[in-house]
Each structure stands twice: as structure tokens, then as C-alpha cells.
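Asks: Here is how the chains run, residue by residue.
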Amino acid sequence: MNRISDAIVDLHKMDMEAGKCGWLQGIHPLPKLFVTLIFILLTVSFGKYDLPGVLKMGIYLIILFVLGDISVKLLLKRMKAVLLLVCLVGIANPFFDREVMFRLGTVTVTGGMVSAVTLMFKGIFAVSASYLLMVTTSMEDICYALRKMHMPKMFVTVLMLVYRYMILFLKEIQRMTDAYTLRAPGQKGVHYKVWGTMVGQLLLRSMDRAQNVYDSMTLRGYNGEFHLRCKKRAGGSDYLYVFVWSMVLVCVRMI
Amino acid sequence: MHMADALVSPAVAGTMYAVSTAAAAYSVKEVKLEDLDRKVPVMGVMGAFVFAAQMINFTIPGTGSSGHLCGGMLLSAILGPCAGFLTMIAILTIQCLLFADGGLLALGCNVWNMAFYGCFIGGFLVWRLLNQKNMTRGTITAASVIGCIAGLQLGAFSVTIETLLSGITELPFAVFLGMMQPIHLAIGLVEGLITAAVLVFIYEARPEILYGYERADRKAAGRMSRRGTIAALAMLTLVIGGVISLFASGYPDGLEWSMEKVAGTAELAASGSVYQIAEKLQGMTAFLPDYAFKASDSAAGTSVSGIFGGVAVLAVCVCVCVLIKKMKYKKR
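Note that the protein sequences, when read in sequence, are chains A and B.
With our numbering applied, the first sequence has no gaps in its numbers, which climb one by one up to 252 at the end.
With our numbering applied, the second sequence has no gaps in its numbers, which climb one by one up to 343 at the end.
Isolated chain B, as found in the complex (with noise of 0.2 Å):
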């Protein structure tokens, strides 16, 4: 996705420039107020560890091609954002003067559409999203995938708008367009999971490393016990179904709606042998006919429907695990 130079306009050019300029001098501020003197090396080190790993062909099953790291990302999970972002803008200007990857004009694009996209979407909204509470697994995989994705398809979608906004190409925006995404998709996947290989990896071995772990770590050694989850669980049942119930709003649902702008009704009447059978079994088993007591409009009636309508979804669901469990247990 590295732009080159005759892509852009100066205009354009200078324009990226001056945003992705904003993005590191914030970058700077921020990372100044960390152990700047250890973080520095580190930031070095690093860069240059992606740099190399992304010559890494990691094979695509099933395709027969092959895919590489997303550094951005990467970078994001281990130094965090704006450490990140700029061993980013180091990596991407050594591409563009050693290896005529990306232009020195085009350079403020592809910072912003590389760096800004993969460090600051993928890297700090999408991984502390989903790692701010508990780092597991399950959520550095999330996080990698949603991440990689994410700052591709924005990245993408700035290449088309740029180029476009530059006059270079007379493809039309929809078509460009249509040509950028979906393969971008692709490739955020595939990059993605090989960033999420990696970072599991890191996240079994070290955990220590990964930004936000020793956050989400205290988090989640703040959190409650089994007994006071059951408890609030338990307090928020009541609560809805015996108070907010009461507000509950009067109007048709969804389905109710449709039927009385189709069929001029919401309850439909049924003839038949089996309608009334069906009809009279239900009039013995409900109870709490609408929500409400037999025979009375009161506030009560529909309070009480509201707790236990949760009690007996409670009673349903404890049966049928105590019931699962003694099957699984006689099949051992």
C-alpha cells in the first residue's frame, strides 16, 4: 500500500504531510512523558525487528501465496500507540530512502495511511477496547484481527481518496474503490492472524510485554467473585422486571405492527379443533394473562410477571444444565 511519489500532488502531499506531522508531534509529547532514556532503545530495537520480520513469507492455506506481519499493530500491542506510531514513521522512511518503497514526497500519506491507521485504530481503539478488562486469547485474536482490518480498509479507502483527490488516475471513485477494498479485506485477515499467532505466542510466554496487560490484569484480579456475580445478576432481575418493567412502552411490537398495517389487527383469530385446544391449555397455564393478573389492570400484576417470568427462565436454565450434565457424567 506504499504510495509513490507520482501519485500524489504537492498539494495533497503537503497536506498529509501537515496531518501526519500533527499525529508525531502528539506522538512525541506523549511518549516524552514515558521513561523516555529506556524507551528510546527499545522503540529502536523493535522497529527494527519488524522491519526484518516483515521479509517473512508466512504461507496462506490453501491459496498458495503468501502474506506478511502487520507492523503498525504489532508495534501498538508491545510499545503502545504513539511509541508505536512513530517506530512506524522511522520503518516507513528507511522503506522509502533504502528501498524505494513509498515516496519521499508520498511519504506524509503513507505515514497516515499506514502508521496512522494501523497504531492509532487498530493498535489503541480496537486493542484497548477489547484488552482493557481481561487479555485472554480469545481477545488478542479479536483485537488483531478486528485491528488489522480495520486500519487496512481505512488505509485503502485513503489511498483511492488520495490518488483520486491528486487527479493522477481517471478510474471513477466507485470503481477505484471497488478495486481497493476487497483485497484489502483479504489481506487484513490473512495479516491479522499472523499477527495474532505472534502475539498469543507473546501473550503464553511473556505476558508482561503486551501493552495494557498489567492493567487489564489488575482489572481482573478486581473482579467479583461467582457468589456476588450470581448476586448482582440476581438484584438487576429484580430490579428490571419489578421496576423498569413498569415503563415499559405501550406501542405494538415489530411483528404487531406489521400485522395491523397488513391485516388491520395485531391478533389474528383462528378457527379449528386444534386452535381451541391449544387456546384452552394456555388459559389454564397462564397465570399472569398480558403480563398482568387475571381480571385486573393493576401495577402490581405487572411487576410481579416481570420477577417471575426472570425466576422461571432461571428454574428452566438450571434444569437443563443439571439435566446436560447428568447425561454427559452416565455417558462417561
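For reference, chain A alone in the conformation it holds in the complex (with noise of 0.2 Å):
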């Protein structure tokens, strides 16, 4: 059950990245989600021939990490399953596309072979954009940003809860695995015997857990209102980073 701590483990890291003190993780909230979305937007937009219009726009990627100081090890890791995911759809395009677009040498391009690189350069920014947004900015900030953009009030809660309570069910979960199998070594997963028992016992005590947590809310004042703060005001600089890098994706695009 190596997933558990590795999702555990990562999830930790992120929260450590988010809590640094650095320039990007100072900026508020909502313009960095405003500018990823804008960033992914326009990197899925290019047509599915155009390869060097969608590595122009890793300059983005690329300044923000250099001066951010952002780690990437553990982009890599997320970067796995997505690729799998991409090359899984892409892969037949060099099968279906033969038209030859231009030669390296004595090899010859066609059309399925750059439509299925620059399907797997979109895939690789966009998750660098999104993994960029959420090593500079916390959950809370996240939940925040959404909640000035009108998002339901209960769905911003809902969504505060399953994060705080996430790494809690996980450490339970993980336990509850790893007792399973030291008694049953060798097994791969759950034997299906205990399907039902095993989630079923969670299930419960997790009901029993959300009436203790809606018992200790209402103890502490709460009255269907959930007060979420961000750490600073929008300022200047703020403003200034959306318009700046607007401009800059923008001017990349139409080039």
C-alpha cells in the first residue's frame, strides 16, 4: 500500500512548498489562479500541428521556476500518470496521420508524429502550470480565491473539509492496510471476502467522526458560516503580475 504514504508523503511536501516565504508564494491568490487558467488556456488552444507555438510558451514554466526556486522532483512523479494518459490517446496518430510534413535528414515527419509531440508538450505545461500554482499558493488561499470568484459558499466549505480531513483518513486507511498485511503477506490487495467489512467499519466511524465534527463546529460558534482569511490584501504588485503576464502569454500566442 505504497500509494497511501506516497500520497501522504507528497501531500506534506506541497503543503511545505506553499508555506515557503518566497516572491511567488507572496502574491495573492486569486491573480495566480487567473493567470495559470489563462496560461492553459492558451497553451490547449494552439492547433494540433503547431509544436513550436506550444514550446514558446514554456518561457512562462521556465522564468517562474528559475525565480521561484521551484522543486522539480516532484513534478516528475505527477507527471507520470498524465503522460501515460496522453501517450495512451496520441500514440495512434502516426498510425492514422502519414502526411508527410517535413524531413530531418532521411527521416521523414508526418502529421501524426508532431500532432502526437506537441499532444504531449500541452499535457506537460498544463500539469507544470497547475503543479506551479499549487506549490506557491495553499488550499486555504485556493479556497479563498474561489470564494471571491462567487463559487457557493457550501461548496468552498465542502472542499476545505475534504482537504483538512483527507490526510487524516489516509493515516487511518494506511493503518488499516498495513495491519491487513502483515496478517496476510504476500496478498496483492484485499481479498474480496472482506470487501465490504474492511470499508464498510471506516464508513461508519466516519459517519460517527462527521456528527463529532459537526458537534464541535457548533460548540465553537458555527452557524452554516465558514470564515475563510487570506494572509495579505491584493495590492500593486499583484495587479501588475496579471496584466504583465496577460500581455506576455497573450503576445506569445499571436506571434
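None of the hints are false.
Residues from chain B that face chain A, not an exhaustive set, calculated with beta carbons under 10 Å:
#, residue
1, A24
2, G55
3, V56
4, V61
5, A63
6, L108
7, D112
8, G178
9, T180
10, L182
11, F187
12, L204
13, I205
14, A207
15, V209
If you anchor each label on the Cβ, the simulated ranges turn out as follows:
#, chain 1, residue 1, chain 2, residue 2, range
16, A, D7, B, M12, 17 to 25 Å
17, B, V30, A, R0, 26 to 34 Å
18, B, M190, A, F240, 43 to 51 Å
19, B, T147, A, Q208, 20 to 28 Å
Simulated from the structure, these hints should not be mistaken for lab results.
Each residue gets a CB set at the ideal place from its N, CA and C atoms; glycine is no exception.
Grab the two chains, each in its own frame, and use the hints to assemble them into the complex.
Replies: Given below as C-alpha cells:
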């Protein structure tokens, strides 16, 4: 059950990165979310053969990764799943699209090859952008930004609670699966005879916990309102961040 | 089935964001009508539970591989479809932001493909349809399996459509569909069985947690007694056999129609001593030939035939059941 411990470690690492005191971390969450969405939108809007255009968009990532001193180790780990999916969809392109685009020495490059590589870069860039957002912004700040974007209060509260209790449940499930694995060595996964009891027990405990959470929240004055606050107010530098990056990205897209 | 940003065009992503937002707005409106203060913490904790429980690998017997829990179906079976849908959106958002499982731009697509179908088709239509009158282990299992399969099949179909509309893959539609649907049929079956195992456990331990249990329980309490059921069925037999049978179609049935087309007649003449003996025997026993009195075409003959037929079938069934019961008793 290494997946669970890996997930817990990754979450802690992301939290630590987001809690650093860098200039990128200091920018208001709303401009960062806005710029990230613009970047992804413009990146995927390139045509399927426009590999040079997509590569040009990399300037945003290079600048922010270098200036923000962001670790790429965790990014490479997250990239595996996305690359697999994108490759799976794009792998057919070279077989179906055999139109010759250009020649590299003796190698003939077809439209399918170019579109497959373009697709791969689009995937890499999009994941890198959302990773950049997450390692520089805490979940609380993201929720705050979503609230500022007029997302329903109830949804933002649920999002916040899921995030807060996720690690708790992951640790609980890790303990349960560790105990199970020790009693069933060499077995891959949970045996079908205990599917219901194992998860069902946890679910019942979760329901009780939900009741306790509700009771304790009520005792602390919860009346349906979950107050989120941001550590800093949006200032001139934040507006400048949005303006500069929007201009740069739109220019790169237009060229 | 999480779609990455690279797999959708901005137009498709925008459209899917719009339809998912509409579904989310409806859900928010519906959930607000319930006890919101109490519901929100439960939704949060259940979301965290499903997220974590999806990390558990369940062994699929005889295959060497493993599957995981179907979140939308489970959440809808406990929280209801609207609250389940909103909780699934929160889970998908966190999976997208923290684990790069699905893209930020493709979030609208993922919400539609994984949360909408799972919660509203699987968790609402199927769950409600099968558990509306009476909730049993069987109906829970059937609802979970059918709901998960239906949800995943529709989700996989949507992924194919969205990818093709985005112009991402060169794969022909039929080939892509042929790749997506069968694998998700198998995944749906396994996820349905895992979800069923969990829900049946909850049903045995604390059934009041399950969505719609109280309503089904009340309906079950209001069911007719055995005597009432038999009386109602007897009345129904009398009405159908005695009255509705008068309006039975005079056209030939499927076999007769086919024979008429092939041989030119609905009744073939048979020759031979065996056939003659059988015909004679049938003539002696059939006192209502062709569902009417002998040598009479009156409507009363049809009604009597209908009622008598029903009573005769009932008598035979009762005799057979009594016989089986006696044989079993003797064996013991």
C-alpha cells in the first residue's frame, strides 16, 4: 500500500512548499489562479501541428520555476500518470495521419508524429502550470480565491473540509491496510471476502466522526458560515503580475 | 478516466464547464433545502473518506489485478444524489490540483463524466428505482452493480465524444469507442461489486444511514398481507380472464404468422395413427376448444375460458408445490 504513504508524503511536501516565504508564494491567490487558467487555455488552444507555438509557451514555466526556486522532483512524479494517458491517446496519431510534414535528414516526419509530440507537450505544460499554482498557494488560499470568484459558499466549505480530513483518513487507511498486509503477507490487495467489512467499518467510523465534527463546530459557534481569510490583501504588485503575464502570454500566442 | 487538459479543446472544455456548472447550481439549490448546517460537515468528512478509500486496492479474484471503490455511487447512496454530486466535485478538484489526476481546464469534463453520471444516473435513477419500494440486500447489490456499470459506460462514451470533438486523436470513432467501452464494462462490474459489498455491510449494520431507507421502510410497512395479496391477485385474474380476454386480438401470433407466410396456412394437417389418437384424446379433454364453448361463438365462452384457465393453472401450481413440500418433508 505504498500509494497511500506516497500520497501522504506528497501532500506534506506540497504544503511545505506552499508555506515557504518566496516572492511567488507572497502573491495573492486570485491573480495566480487567473494567470494559471489563462496559460492553460492558451496552451491547449494551439493547433495540433503547432509544436513551435506550444514550445514558446514554455517561457512562462521556465521563468517562474527559476525565479520561484521551485523543485521539479515532485513535478516529475506527478507527470507519470498524465504522460501515460496522453501517450495512450496520441499513440495512434502516427499510424492514422501519415501525411509528410518535413524531413529531418533521412527521417520523414509525418503529421501524426508532430501532433502526438504536440499533444504530449500540451499535457506536460498544463500539469506543470497547475503544479506551480499548488506549490506556491495553500489550499486555504485557493478556497479563498474561489470564494472571491463567487463560487457557492457551501461548495468551498466542503472542498476545505475534504482537504482537511483527507490526510486523517489516509493515515487511518494506511494503518488498516498495514495491519491487513501483516496478517495476509504476499497478498495483492484486499481479499474479496472482506471488501465490505473493511471499508464499511471505516465508513461507519467516518459517519460518527462527521457527527463529532458537526457537534464541535456548533460548540465553537458554527452557524453555516465558514470564514476564510487571506494572509494578505491584493496590492499593486498583484495587479501588475496579472497584467504583465496576461500581456506576455497573449503576445506569445499571437506571434 | 480522468481527462488531462491536453485532451480537450477550449471550446469543448468551456461547454462542459457550462453544463457541469448548471448541474452543480441545481444541486446547490436542492441541498440548501435540506438541513444545511448538519449536511455540510458530513459531506466534507464523507468526501475525505471516499478519497482515502479509493486508495485501497481490492483483489479481483482469479485475475491477479485489483480495483477500487466507485465514489459517486457510494456517496449518492449515503448523502443523496445532489449532495453526493457536490462532494464528488470537491474530490475531483482536489485530485486535479494536488495529484495532477485530471486537468484544471478539463475539470468540467471530468465532473460531467465521473460525478454527474455516477451520482445522477447511478445514484439517483438506478438506486431510487430499485430501492424505492423495498430495500433488501438483493436490490442494493443490483443497484450498485447496474449503477456503476451505467455510470462508467456513459462516462467512457462521453470521454470518446469529447476527445473526438476536440480533434485530439486520429483514431476513428468506432475504434476509439471499441477500446473504451469494453474495458469500462469490466471496471464497472468490479467497482459495482466492491461498492455493493460496502453498502450491504452498511445495510446490515446501520441501514438508517442509507439514502431513501426510511421511505422504503415506510412503504414496506404499508405492504399488503399475504391474504390481501392473494385476494388482489384472484380479483385481477377474474378481471383479466373474464373481461379483458374479450378484447384479445384476433390476429395470429408470431408462430402462426410465420407459418402462414411459409406454408400458406396456420394449421398444418398431420397424418398417422399417433396423431389421430392424440387428436381424439384432446377432443375429449378440451371442453372449451379454441377458448369458447363447443359449437358456440358466444362471448360468455371466452370469459369462462379465461377464468377457468386461471383457476386451473392455480390448482396445478398448488398441487405441485404441495407435492414438492411433502417430498422434502419425507426426505428429512
